[in-house]
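In order, the protein sequence lines correspond to chains H and A. Per numbering that gives the first Met the number 0, the first sequence runs over residues 0 to 635. Per numbering that gives the first Met the number 0, the second sequence runs over residues 0 to 664.
Quick caveat, the hints were computed from the structure, so don't treat them as lab data. Using N, Cα and C, we set each Cβ at its ideal position, and we do this for glycine too. Possibly wrong hints are sitting among the right ones.
PhoX-like mimics (lysine-lysine), calculated; alpha carbons at most 25 Å apart, straight line [to be verified]:
#1 LYS654/A - LYS519/H
#2 LYS275/H - LYS35/H
#3 LYS547/A - LYS634/H
#4 LYS535/H - LYS79/A
#5 LYS109/H - LYS310/A
#6 LYS489/H - LYS300/H
#7 LYS246/A - LYS35/H
#8 LYS486/H - LYS412/A
#9 LYS167/A - LYS547/A
#10 LYS230/H - LYS186/H
#11 LYS329/A - LYS310/A
#12 LYS581/A - LYS532/A
#13 LYS233/A - LYS299/H
#14 LYS79/A - LYS299/H
#15 LYS535/H - LYS496/H
#16 LYS104/H - LYS84/H
#17 LYS275/H - LYS121/A
#18 LYS412/A - LYS329/A
#19 LYS489/H - LYS629/A
In silico negatives: residues of chain A with every beta carbon more than 10 Å from chain H [what the hints assert, rightly or not]:
#20 LYS310
#21 ASN336
#22 PHE549
#23 HIS656
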Amino acid sequence: MKIKKIQLAIILMFFALQLQAQNNEYPLTLIADSLKENANAIVRLYQIDVAISSQRSMNIKTKRVVSVFNESGLSAIDAFENYDKTTSVKNIEARIINAFGNEIKRIRRKEFKDVSAISGSTLFSDSRYIYLDYTPTQYPFTIIYESEVETSNTAFIPSWFPVQDYLVGVEQSILNVMHPNNLGFKKKEFNFSGFNIQKETDTDTQLSYKATGILAQRQEPYCNVSAIFPKLIMGLEYFNLEGEDGTAKSWKEFGKWYYDEILTGTTQLSPETVSKIKALVGSEIDPIAKAKMIYDYVQKKSRYVSIQVGIGGWKPMLANDVDRLGYGDCKALTNYTRSLLDIVGVPSYNTILYGDTHKRDIVSDFVSMQGNHMILAIPTENDYVWLECTSQDDPFGYQGKFTDDRAVLVIKPTGGEIVHTKIYDDKTNLQNSKGGYSIDEKGNFSGNINIASEGSQYSNKANLENSQPIERETHYKEYWSNINNLKLNKITFSNDKEKVVFVEKVDLNAFNYATVSGTKMIFTLNAYNQFAASVKRIRNRKNPFEIERGYVDIDEVEVVLPLNYTIEFLPSNFELNSKFGDYKTEIIKKDATHLVYKRTLSVNKGSYSNTDYDQYRLFMEQVSRNDNAKIILTKN
Amino acid sequence: MKNRFLITAVLFCLVIFNSNSQDFRLGKVSIEELKEKNHPKDSSAVAAILCKKGKTYFDYDFKKGFVANHEIQIRIKIYKKEGLDWANFEVPYYVGYQNLSDEMVRFSDGITYNIENGSIVKTKLNSEGTFKENVNENWKKATIAMPAVRVGSVIELKYTIKSENLTKFPVFQIQYSVPVNHVEFCSEIPEYFIYKQLLTGYVDVKSDSKLEQTSKTFDNEYRQTSSINYQQIKSTFVADDVPQLEKESYVDNINNYRSSLQYELETTRYPNQPVKDYSQTWDGVVKTIYEDKDFGKELQERLYLLDDLKKIINSNENISDFDKINIVFKFMQSKMNWNGEYGYYTEKGVKKAYLEQTGNVAEINFNLINMLNLAGISAYPVLVSTREHGIPVFPNRAVFNYTIAAVEMNEEKILLDAVNKYTAPNILPLSVLNWKGRLVRQDGTSEEINLVPNKASKQHHNLSVAVAKNGYISGKYLVQKTDYEALIFREREANVQKENYLEKKENEFNGIEINDYTIENKGTDLSKAVVEKFTFASNNHCEMVGGKMFINPLLFFTMEKNPFVQEKRKMPIYFGYPRQEKYNFNFEIPEGYQVESIPKAMRIATDDKMLVFSVNSLFSGNNIQISVTKEINTGMASADFYDGLKEFYQKMIEKQHEKIVLKKI
């Protein structure tokens, strides 16, 4: 029996050792001080092991160890997984470790919450997600999260983001990928420079990266996250999407696959609809004129409802169903419009892109499933007309700020092509204000103004047309927040969808616009268009900044001064030129009581360095200050 | 009488009328309805509910007893594109009962009507437009997308929720964000059940009720058809031309003012059984709540706390009751962690919650109460409704969703909430400052408790400012924030990195530059004031025009916009708690300049001195002193005060823009 006892002792000792080892998991004392600066949490380890065993099978293991210092750091835990018919969560669990490295809680799968993945505008979706809902009992603490997910969807290999959040430091982030050598595995790196990232292995079946010691980043305005945070995207030339095998060697091939396998058979319409559409178009022969009629028909008939079911997430609803039900998501409505155009012999192509007011390109040298939105392209002689089919209001061919100026994938029957959508030139993003106002002896204001908006500025204003009276009032009280006691008398709009110009005509007055003290009267000349959005001062800006869209504002305002007053002080003309834009104001004295105030502000689109930011801020500050220039009058 | 509004808001007007209201039947959409371009009474309406009809009736099942059917029929007209969302419906239903079957929802008669070539075209809703999903373990949701809807369409839909839960019916909404032309609700309730009917909002609703004989057939246990005869109470509610409920700013909770109808079971009186009281008076409500095992019994548990109590309070030392309260409160506040769940019943129980250090609202504050009691301090639970949950007006269990603790000391009550990490004795989370709470005693009696404090929370700002010849200003700043002002600051800023906080502050204060920042009591002693100090510099706060300097006397504290812009107001104005803001400025003017004018002293106040604003100023030599006080002496003001309030703000803003003018000597 002695031997047994020894064995037991050894086992016990071993056990004790193990416990000891467990006792010292990720103690906080091991974190470098530099990482703690500005950090609400620190990712101690983020390891993703992707194992692709075939075109139809991929396994993803995730281990994420995060030390959380306070409530704001909780969002860095990121303990959740999505699942649906083709993706299953095989394992998910978490352990909570206190500051000294001792385990205080273990959370098993059944204690995770399992909910439907519906959010925002989506009406229905059959995908769900499991997430950890943990109430911390002390800060700081460390969470060790582990999961394993299996999917047949090899069209989407998760991207690797070593930095995922602002104000979170990263000790170590590791990516390991194993893949067969015959599926055409590919990858592309973004923004790696400036970060400590090493490629450790890169063979025809394996890839691994390691990032270490990334300091917590602070968020800065006018900054595109996708341009600063490191990212690795991956893809397969031979993949599977919701049960369909596909190939993506070139955009041409990928587009052909998408057209043949996903879009084929979705465009049939009933004979009644066919004859109705033919009757609608009548004898018109110009393809653009025909397209306009059909776009108008779709806008009036349909509404946007997001429904994500199974392959519906990627495959459009049948055109016939959209025709019958009168609703669909972007893919459904785009495909439906294409089917209608097809009836009257106008060719058009579904177009995949990233729909976002921040411009985002389809990565053109990386053939893979990308994008989150779909619009329709109608070819013209050398270009395309782009149709946003989810909108009931957009003018024909107008791209606003959601789909303009970016690389997109046009799906043609012969294959895919990367094309750049319409660029709204700075000079065409125009707001032209013309009007006048008069000030009476008591300092009261009454005036009227015509504001015409074009280009991308059109989209800032066009919504006003359908707004509720209260929203309208709020908008103008915000827009003219410099005018106290503002009273709106008459507001009319004209929306020229042909030329894409939106005109507001507003009649307004305000008590005590001018300050009267003793014999003096003082007021700001530029009443209608003050640059109000002050550009924030950033302490030690680190990142470059970007002005995504330039614009031009032109104002011409006649000012009638009260009788019995003479001008004591008139602001001088002002001009400011910089690489960010140009600004000019001019005040013309027509006679003793009539002035004309002219103002032009143009801002240039562009990418600028971090050190330029303060100059830009000062430029705008000077604009704002001069917009506030005041006139002083004295009573006769 | 600042409470006036509420009484009108919830006044129940029972007017007898003839119920020969317009006859609404699904399927009878007229061509006029379809052709209508705008709502005749509100041309801005994006859609309208032409008619809504609700009916609740009971079926009998020999196994389950009575089962309620809640049937809704609705006809909606879409006028504008923005109204297209009215063609999507979501109906939540409960599946989390312990002893009852899951609720069920059934849709029928869903039809969209359109005009095509002058004739009416119908499109039926079929199963492909109906989706059901599990929201969580307790709730499911049915979603409907009506087909072929466009501007001009009329939609009809009927749905029925079947429920064995007879204690409460789903809320019947009368008022929406679009106009309702006609709305009626009818309930047919067996004589065995007496319900309380609660009608809220400003809308004039007519009602009627009568007793009638009825019989229901059912399959008995031998699958034979039997019938049961009884009397039923038929109640009808009708309202016409209900205007849309419009959003206003400074409102505690818009749903307090929305018209709706609720039913809650008051008593059951089955034949040959004693009458069972569910909830009728506050005492009844409190009794029912207290008798629940997750309430009263949980408040008896205390021995598990003894060891920890001994560690924090040494029984040999002579510690005052007041200190004991503070010690126990701080201990519980830091020990327990809120899991985000509301409620006045415990879920896992106080003991388990204590061991796990996490719990819902009841579990945390019951632990506080239990430990206080164990320490010899009498503490009681106070039932509360949070602001998001609405005003607790009628005696009813469902009006509460939160519980805090109260301790009686020298005839005064100290209110405590250990759920929030930044509260202190008598400082409650803002969402709890909602109307009145109800203190529950062990003997089942209860008493109304005022939650909104009388004492003003303070912000005292002190600035000494030097103005330079070039218009550059610089100076020192100190602010003290007490009570609720301190709580709000702590909640908002406790976790914000200093760098980010200062950046935000610099931008909020029109681009000043902040240095030498220090803060006291940010998270340490929560019953004391937060004190912030810094030095600042700016070239944005002095305008040089024509050889003169113009300076806003309140610098970066100048109020720019009147928050009350709407012309008319229906709902009371919510401020939350009384407060006082004080600003003391000491300006030193540059050499070579002299004072041309400074703002004159003034004092304005609204009726009842609910809001007071005053400015005092004086100068001597190169020194200017300005002191400004703003007081809001109420948590809530009636809508009757709106015009006066708006004018008050206007005058206050104008005064703040009256400048200090300096001229060159």
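Hints, one by one, checked against the model:
| no. | hint | result |
| --- | --- | --- |
| 1 | LYS654/A - LYS519/H | holds (17 Å) |
| 2 | LYS275/H - LYS35/H | violated (67 Å) |
| 3 | LYS547/A - LYS634/H | holds (18 Å) |
| 4 | LYS535/H - LYS79/A | violated (39 Å) |
| 5 | LYS109/H - LYS310/A | violated (36 Å) |
| 6 | LYS489/H - LYS300/H | violated (32 Å) |
| 7 | LYS246/A - LYS35/H | violated (44 Å) |
| 8 | LYS486/H - LYS412/A | violated (49 Å) |
| 9 | LYS167/A - LYS547/A | violated (70 Å) |
| 10 | LYS230/H - LYS186/H | holds (10 Å) |
| 11 | LYS329/A - LYS310/A | holds (14 Å) |
| 12 | LYS581/A - LYS532/A | holds (16 Å) |
| 13 | LYS233/A - LYS299/H | violated (45 Å) |
| 14 | LYS79/A - LYS299/H | holds (11 Å) |
| 15 | LYS535/H - LYS496/H | violated (36 Å) |
| 16 | LYS104/H - LYS84/H | violated (32 Å) |
| 17 | LYS275/H - LYS121/A | holds (18 Å) |
| 18 | LYS412/A - LYS329/A | holds (18 Å) |
| 19 | LYS489/H - LYS629/A | violated (36 Å) |
| 20 | LYS310 | holds (17 Å) |
| 21 | ASN336 | violated (5 Å) |
| 22 | PHE549 | violated (8 Å) |
| 23 | HIS656 | violated (7 Å) |
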